[in-house]
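Protein chains: 2
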Amino acid sequence: MSGIDTILNIKEEVLKGITPSEEERRKINRIASEILSTVNNIIKERGYEKIIKAEFEGSYAKDTWLSGEVDLDLFLLFDASVNIQELREIGVEIGKKAGYMLKSTPIEQYATHPYIQFYYDGIKIEIIPAYRVSSADKIMTPVDRTPFHTSYVKKKISENPQLKKEIRILKKFLKGIEVYGAEIKIGGFSGYLTELLAIHYKSFENVLLAAKNWVPWHVFIDISQHYRGRDTKDLMKYFNSPLIVIDPVDKNRNAAAAVTLKKLSEFIIASKSFLLEPSIKYFYPQTLNIDHERVRYELARRQIVSIKVDTPKNVNEEILWGQLKRIKSSLFRIMESNKLKVFDSTIWVSDDFIVLLFELERLNFPPLEEHIGPPLYSKNLRDFLAKYNRDKNVVGPFIKDSRPVVLRKPRYNNVVEVISEYLPKIKMSKDLSTKFKDSLEILTREKIYKYCSNSNFCLFLQKWLTRKFPWIY
Amino acid sequence: MSGIDTILNIKEEVLKGITPSEEERRKINRIASEILSTVNNIIKERGYEKIIKAEFEGSYAKDTWLSGEVDLDLFLLFDASVNIQELREIGVEIGKKAGYMLKSTPIEQYATHPYIQFYYDGIKIEIIPAYRVSSADKIMTPVDRTPFHTSYVKKKISENPQLKKEIRILKKFLKGIEVYGAEIKIGGFSGYLTELLAIHYKSFENVLLAAKNWVPWHVFIDISQHYRGRDTKDLMKYFNSPLIVIDPVDKNRNAAAAVTLKKLSEFIIASKSFLLEPSIKYFYPQTLNIDHERVRYELARRQIVSIKVDTPKNVNEEILWGQLKRIKSSLFRIMESNKLKVFDSTIWVSDDFIVLLFELERLNFPPLEEHIGPPLYSKNLRDFLAKYNRDKNVVGPFIKDSRPVVLRKPRYNNVVEVISEYLPKIKMSKDLSTKFKDSLEILTREKIYKYCSNSNFCLFLQKWLTRKFPWIY
Numbered sequence: 001m002s003g004i005d006t007i008l009n010i011k012e013e014v015l016k017g018i019t020p021s022e023e024e025r026r027k028i029n030r031i032a033s034e035i036l037s038t039v040n041n042i043i044k045e046r047g048y049e050k051i052i053k054a055e056f057e058g059s060y061a062k063d064t065w066l067s068g069e070v071d072l073d074l075f076l077l078f079d080a081s082v083n084i085q086e087l088r089e090i091g092v093e094i095g096k097k098a099g100y101m102l103k104s105t106p107i108e109q110y111a112t113h114p115y116i117q118f119y120y121d122g123i124k125i126e127i128i129p130a131y132r133v134s135s136a137d138k139i140m141t142p143v144d145r146t147p148f149h150t151s152y153v154k155k156k157i158s159e160n161p162q163l164k165k166e167i168r169i170l171k172k173f174l175k176g177i178e179v180y181g182a183e184i185k186i187g188g189f190s191g192y193l194t195e196l197l198a199i200h201y202k203s204f205e206n207v208l209l210a211a212k213n214w215v216p217w218h219v220f221i222d223i224s225q226h227y228r229g230r231d232t233k234d235l236m237k238y239f240n241s242p243l244i245v246i247d248p249v250d251k252n253r254n255a256a257a258a259v260t261l262k263k264l265s266e267f268i269i270a271s272k273s274f275l276l277e278p279s280i281k282y283f284y285p286q287t288l289n290i291d292h293e294r295v296r297y298e299l300a301r302r303q304i305v306s307i308k309v310d311t312p313k314n315v316n317e318e319i320l321w322g323q324l325k326r327i328k329s330s331l332f333r334i335m336e337s338n339k340l341k342v343f344d345s346t347i348w349v350s351d352d353f354i355v356l357l358f359e360l361e362r363l364n365f366p367p368l369e370e371h372i373g374p375p376l377y378s379k380n381l382r383d384f385l386a387k388y389n390r391d392k393n394v395v396g397p398f399i400k401d402s403r404p405v406v407l408r409k410p411r412y413n414n415v416v417e418v419i420s421e422y423l424p425k426i427k428m429s430k431d432l433s434t435k436f437k438d439s440l441e442i443l444t445r446e447k448i449y450k451y452c453s454n455s456n457f458c459l460f461l462q463k464w465l466t467r468k469f470p471w472i473y
Numbered sequence: 001m002s003g004i005d006t007i008l009n010i011k012e013e014v015l016k017g018i019t020p021s022e023e024e025r026r027k028i029n030r031i032a033s034e035i036l037s038t039v040n041n042i043i044k045e046r047g048y049e050k051i052i053k054a055e056f057e058g059s060y061a062k063d064t065w066l067s068g069e070v071d072l073d074l075f076l077l078f079d080a081s082v083n084i085q086e087l088r089e090i091g092v093e094i095g096k097k098a099g100y101m102l103k104s105t106p107i108e109q110y111a112t113h114p115y116i117q118f119y120y121d122g123i124k125i126e127i128i129p130a131y132r133v134s135s136a137d138k139i140m141t142p143v144d145r146t147p148f149h150t151s152y153v154k155k156k157i158s159e160n161p162q163l164k165k166e167i168r169i170l171k172k173f174l175k176g177i178e179v180y181g182a183e184i185k186i187g188g189f190s191g192y193l194t195e196l197l198a199i200h201y202k203s204f205e206n207v208l209l210a211a212k213n214w215v216p217w218h219v220f221i222d223i224s225q226h227y228r229g230r231d232t233k234d235l236m237k238y239f240n241s242p243l244i245v246i247d248p249v250d251k252n253r254n255a256a257a258a259v260t261l262k263k264l265s266e267f268i269i270a271s272k273s274f275l276l277e278p279s280i281k282y283f284y285p286q287t288l289n290i291d292h293e294r295v296r297y298e299l300a301r302r303q304i305v306s307i308k309v310d311t312p313k314n315v316n317e318e319i320l321w322g323q324l325k326r327i328k329s330s331l332f333r334i335m336e337s338n339k340l341k342v343f344d345s346t347i348w349v350s351d352d353f354i355v356l357l358f359e360l361e362r363l364n365f366p367p368l369e370e371h372i373g374p375p376l377y378s379k380n381l382r383d384f385l386a387k388y389n390r391d392k393n394v395v396g397p398f399i400k401d402s403r404p405v406v407l408r409k410p411r412y413n414n415v416v417e418v419i420s421e422y423l424p425k426i427k428m429s430k431d432l433s434t435k436f437k438d439s440l441e442i443l444t445r446e447k448i449y450k451y452c453s454n455s456n457f458c459l460f461l462q463k464w465l466t467r468k469f470p471w472i473y
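Going down the list, the protein sequences come from chains B and Y.
The first sequence begins at 1 in my numbering and counts up one residue at a time.
The second sequence begins at 1 in my numbering and counts up one residue at a time.
One thing to keep in mind: the hints can contain errors.
If chains are identical, the list can't say which one is meant, so a pair holds when it fits in one copy or spans any two.
Stated by the list, open to error - With a cut-off of at most 20 Å between alpha-carbon atoms, the simulated EDC-like pairs for lysine to aspartate or glutamate come out as follows: (1) K409 <-> E298; (2) K212 <-> D401; (3) K400 <-> D344; (4) K392 <-> E293; (5) K468 <-> E369.
These are calculated hints, taken from the structure and not from any lab test.
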């Protein structure tokens, strides 16, 4: 069986699992029309028919959703004459009312606008207010672009209905290799970006064949040829991103801006590996079982430090993840500037608690560090000698090559001291900073096992300790 | 009291201690004439008067020796017609015979020629065969240059008798700060170089005033102006030495070639420090007493590894030191290329045993090291993945930034393993290599204290552990 045959067989097999059945479609369509009629009734009742048009967007609207994984995104498209404050209030009011009428608990979420989320019949529903504008270059808020994305993709699919399969396969692949999702938490490929890649390269396997040759920071994909004939060098500098995919509906936007270098690289390596040795494992990675003994053993032999705080309540997930990523990078830089090599780091968040994990070369500083003095011709030499010549706590000053050097005790004994000193200096929101003050716990090595009483965390920890690609088992 | 007054007072005080008394001079002169007449009698007896002329060289001949520290270097200057084999045989024969006649035990030493060393009345005597040539540019062996050095310095001193004092002071200073001696063991300033510096700068304090502004690799001193008007850049490149002092009697020779970067830097820093705060301590550094408790404490808290072997017998000291320095540098490079940071290293040699000491940041490797794989676009990526993807002993491969990485156990656990593996690969003489095979002992930290049963070693060790400049106490 040749490679391409294998891939075609795998696609066929995967499609069986991810294409919604007629029964599932009927159920979702029923739910969707219930939601829509409920919302439309509210709009009518309130007398908003002239200024609001409710419309499904996203993978449901485009019919690119995967079996068992659909969300319903119902947009309330407001006339541009409504001011933003009104849009927000009316949007929330309608969404909440719909939730209550459908006997669910509506939760207010916040991106650029507030929006309402609730569950109905096991399906996640989101009611999202936005402006209806005449073209994508006239949008007033980022979310106003979505209807243009929906109609662009729908148009492309109507021209080539086979694309739906390619999109579904690619989406499942990206999920399987854990690079799907544009949230800050993931930093991966959005649904729309996935669709664009399938549209541009025409098939799942063509996307992978292209991706395997991608070099981060050197990929510029311009599907609608907005920049035809232009020198891409300047454009790449302007967009300044590991992956650039010009949004067909807005030439000033990089539809791949959320994709991090790491996730892009993971996609490239997965594409390469899959094409060399195609396997269903990329789509259906193994779910690990917790091996408590293994976790304990790894924690004991590795140089890992954890920072745990309680999760602040009512903080938007994107904002929280943004802050945590910033805190993680700050600590990384601080550790490395203190000559502690960091191998890897990660973040775990649940409703209860947050854990930042760092794996280092060593948790402890050496007993002595080298402190190199000024060159012999420097004006500062005198101060250096005055400071250390008679200091019995340092070794030296002595000459090494041509420089005066002392060996002295490092400022810190271990990474925990470094973290404790620097954490209070990192700027963060008041909510989070309060948690860092009141609930901070810094643990190292096997002591971290304590948190394995939370099995979700423990599973996450075990996976991070192993750190193999998801398709390897 | 101004700085220069202080310096003049110090000079006066030091001179009192180092200028030979009339009594001492009478004794040395008597010994010298006994040696000379003994040797001349042998020459006459053997009928060598026409081909050999015996003549004192060195600090005795120049009257630049320090009280209590004189050696007598008697050169047997052979006619150029004698072949080298004869010169060697006759030289050794005369030297030995003289030793026996003076009831001493002559020892055969070897530099470029063999020469004879013995003690007479407490004074070290060396009988050195060389060729007598008409000018320094016609020398046949390096040692033939010495009579020209002697006569050059004597001529300069006769023009300015005050120079003798300046030379003696400078010599004592260089000894006090431990940079005197051109042997490989020291890598410092020879007696002749000391004289040249005093001649060139005219006084002790002028030498120091010049030296405090020296920048290693950028010092070019041309006393006899052999290269007047020439661009020194090319010349500095040609001589390629931290300190260049053109030999007045041979313009192709750098009289400071033996001076190492470290010893030159120590001289610069001592000059600077002395001029800022003149003190007799530079000339008479304190002799430490062994503080056994301190040595044990320091060994315990520091990261030190020692390599001990028995001293091979009948090996020329210069050759032995040359080999040991090479071995030390090899080990240094090997440690650093294995990511073990070396703070400092040293060598100790006695008739019984040799010790190499290394102080490191850490003796042990971390439990895991980062092994970065090829870039994603590399042809070698496939092999890297094939090697590690299913290897349960490594963490990963995972993506860090844009590179595949694994964490793996380092090849070695500690520096002792590194040394044990690399030592047999270092090229050395058979004598030494046999000792490294038969008597090697590698110890770390407090275990090294064991060798403190040898109090000379212990004192040396204590000084190295402290590593303060000799003038600081």
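- Message: Hints numbered earlier in the text: which of these fail when held up against the supplied structure?
- Response: none
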